[in-house]
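Peer 1: Protein chains in written order, with this note's numbering: chain A, 3 to 267; chain B, 214 to 515.
Hints are computed from structural coordinates only; laboratory data are not their basis. Check each hint, because a few of them may be wrong.
No farther apart than 20 Å at their CA atoms in a straight line, the calculated lysine to any residue pairs in the SDA-like style are these [stated by the list, open to error]:
hint	chain 1	residue 1	chain 2	residue 2
1	B	K310	B	P263
2	B	K278	A	K109
3	A	K240	B	K320
4	B	K447	B	P282
5	B	K332	B	A514
6	B	K397	A	F123
7	A	K109	B	P495
In silico negatives: residues of chain A with every beta carbon more than 10 Å from chain B [claimed, not checked]:
hint	residue
8	A43
9	Q64
10	R148
11	S155
12	D183
Being a predicted model, the structure only gives us computed values, none of them experimental. The beta-carbon is built from N, C-alpha and C at its ideal position, and this holds for glycine as well.
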Amino acid sequence: MDTSMKPLSSLALAVASMLMLVAAATDVAAQGTNYRAPRTADGKPDLQGVWQVLNTAAWDIQDHAARLGVPAGRGVVEGNELPYQPAALAKKNANFAKRDALDPETKCLLAGVPRSTYMPFPFQIIQYPDYVVIAYEYVHSTRVIRTDGSPHSDTPDFWNGDSRGRWEGETLVVDVTHFNDETWFDRAGNFHSDALHVVERYTRTGPDHLLYEATIEDPKVFTRPWKMSMPIYRRQEKDISLLEYECYSYAYDEDVQYFIKREGQ
Amino acid sequence: MSTRIVIAAVAVAAGLALTAGTLRVSAQEGGRRPAAVAGCSATDFARFYPCALEKAKTFNPPRTKDGLPDITGFWSRLVSTEDIQDRPEVVGQSAQKSLIVEPADGKIPYLPWAALQKKTNLEKYISPTAFCDVPGVPRMTYNFGKWQVLEGPTQIVFMPEAAGAVTRRVIPTDGRAHVPSSIKLWMGDPVGRWEGNTLVVDVTNLNGKTWFDAAGDFQTENVHVVEHFTLIDKDTMLYVADVEDASMYSRPWKIAFPIPRYQGDDLEIWEIGCHEGNRAVPPLLKGGYARFPGVKPPASAR
Chain A
3 MDTSMKPLSS
13 LALAVASMLM
23 LVAAATDVAA
33 QGTNYRAPRT
43 ADGKPDLQGV
53 WQVLNTAAWD
63 IQDHAARLGV
73 PAGRGVVEGN
83 ELPYQPAALA
93 KKNANFAKRD
103 ALDPETKCLL
113 AGVPRSTYMP
123 FPFQIIQYPD
133 YVVIAYEYVH
143 STRVIRTDGS
153 PHSDTPDFWN
163 GDSRGRWEGE
173 TLVVDVTHFN
183 DETWFDRAGN
193 FHSDALHVVE
203 RYTRTGPDHL
213 LYEATIEDPK
223 VFTRPWKMSM
233 PIYRRQEKDI
243 SLLEYECYSY
253 AYDEDVQYFI
263 KREGQ
Chain B
214 MSTRIVIAAV
224 AVAAGLALTA
234 GTLRVSAQEG
244 GRRPAAVAGC
254 SATDFARFYP
264 CALEKAKTFN
274 PPRTKDGLPD
284 ITGFWSRLVS
294 TEDIQDRPEV
304 VGQSAQKSLI
314 VEPADGKIPY
324 LPWAALQKKT
334 NLEKYISPTA
344 FCDVPGVPRM
354 TYNFGKWQVL
364 EGPTQIVFMP
374 EAAGAVTRRV
384 IPTDGRAHVP
394 SSIKLWMGDP
404 VGRWEGNTLV
414 VDVTNLNGKT
424 WFDAAGDFQT
434 ENVHVVEHFT
444 LIDKDTMLYV
454 ADVEDASMYS
464 RPWKIAFPIP
474 RYQGDDLEIW
484 EIGCHEGNRA
494 VPPLLKGGYA
504 RFPGVKPPAS
514 AR
């Protein structure tokens, strides 16, 4: 490179800067598992900060063309197809047809896991020696995840499930069970049952990127486990902090009968 | 306390079909209260406050590895949220003395227009928490049976568990400034700092839609709350909130009460969906209650 710099200086510089741009844009893929994250005081990979996705998975986790109010997008599902059982596929299609009325998120309900991750709102990760806190801007939803080896307890079902974390090298692995059957994966009607089991993996792939992977298992709905993955970006704004999205409070502010009228649909 | 409010409170309690199977109530709730905590009165807050200040002068709190006073752990509730002023016994709750330690009469120093508004609130509106709106500040601190504090060098997380909206707070202690004043927030914008052994949380940007209690005691969006959390022994915090809003109060006023450490062995915070299980709204609306819209002070008071 150094011998060719002189004669081709301007072109080489242009190419080099283009390559740097490409490298920056593909930070996630390029650095992959080779990246070693800075460490917290207790020696764990430091995932802390305010993060947000830049994708359209909240509307549809699969490849989709644009439709009114929905940007087109490549899916986040490995292989794109979801392995629905036949009856479940029929239900998904029915959900899609009535998505504006049926999607729990349009009723301001908790978004569940993994959907909370790719809602169009920032979230903050805060680490402590025995806990990882994930604080979402959407309705103050919060997961306090123990990482001290405590097992899933004999708990009832939760909207966001019961999360237990552990560290595997560079990765925070969160095992999530005890879901109810009331949340969806997206606005497109992709759904699960109360047998849902999610294993999330959070891995730093660069100074400002996380790789998020979630393996989904639900023997009542799918024929086999499937996986989604996406990069998550650090919010770069100076003084970034979570604000609020008190969804149902705003709905009541608009019309105190808001949810009563919805139920009448 | 009007009968209507009591009926409404019962309706709300019955209407909340909680999504977590168990709602564990701390031993301090339901009327069985200790007479004293940390050697100070736990029932007469005007006596508790000076006593707690004396304790705070000599108590050397445990430290985090960052050298800060350690308020990590699970905390419980000693006071109830029906009325922060003197109130008689109500269903399921013994009488409670005013949480207001300044002014000395224990009353909120309302300007005349605000005193009238409080009456209107009682007649017309139901506590905003009936809609699962977040309780705001300072109500968050006495609204929950159990809450967890996680403490780091640059931020503190408060995570409550109870039959209310999720009111997790992430309080930065890294010296940052408040968000711009036009951004109003249901939980306000907290900016924390350590002053000696006390966590001081300066709260602005509140939206004026939350109440202090279920008795119509309200705020405007001009309110400024400064909270103080101080350990007075290893299992007790002194909580103080200074409230000022010249557009509705004739002077600043002060709440103080003890926060005892949670004594149960179920040391996890579980999700309880409030809006998700809220069946209370239709009966309340049928009963003639409206939603508190927030109020602006009259021009003369601004």
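Peer 1: Compare the structure with each hint and give your call.
Peer 2: Outcome of the hint check:
1. Of the supplied pair hints, the one linking B:K310 and B:P263 holds, its CA atoms being roughly 16 Å apart against a limit of 20 Å.
2. Proposed proximity of B:K278 and A:K109 is contradicted: the alpha carbons are some 43 Å apart, above 20 Å.
3. For a cut-off of 20 Å, the pair hint linking A:K240 to B:K320 is broken: about 43 Å separates their Cα positions.
4. The hinted pair formed by B:K447 and B:P282 meets the criterion: a straight-line CA distance of about 11 Å does not exceed 20 Å.
5. For the hint linking B:K332 to B:A514, the alpha-carbon distance of about 18 Å falls within 20 Å, and the restraint holds.
6. In summary, the hint linking B:K397 to A:F123 is supported, as the alpha carbons are separated by about 17 Å, within the 20 Å threshold.
7. A threshold of 20 Å between alpha carbons decides the hint, and for A:K109 with B:P495 the separation of about 16 Å falls inside it, so the pair holds.
8. Distance to chain B contradicts A:A43 as a non-interface residue, since its nearest Cβ pair spans about 7 Å, not more than 10 Å.
9. Distance check for A:Q64 against chain B: the nearest CB is about 27 Å away, which clears 10 Å, and the non-interface claim stands.
10. The claim that A:R148 lies off the interface is violated: its Cβ sits roughly 7 Å from the closest Cβ of chain B, which falls inside the 10 Å cut-off.
11. A beta-carbon of chain B comes within 10 Å of the beta-carbon of A:S155; the shortest separation is about 7 Å.
12. Every beta carbon of chain B lies more than 10 Å from that of A:D183, the smallest distance being close to 12 Å; the non-interface claim holds.
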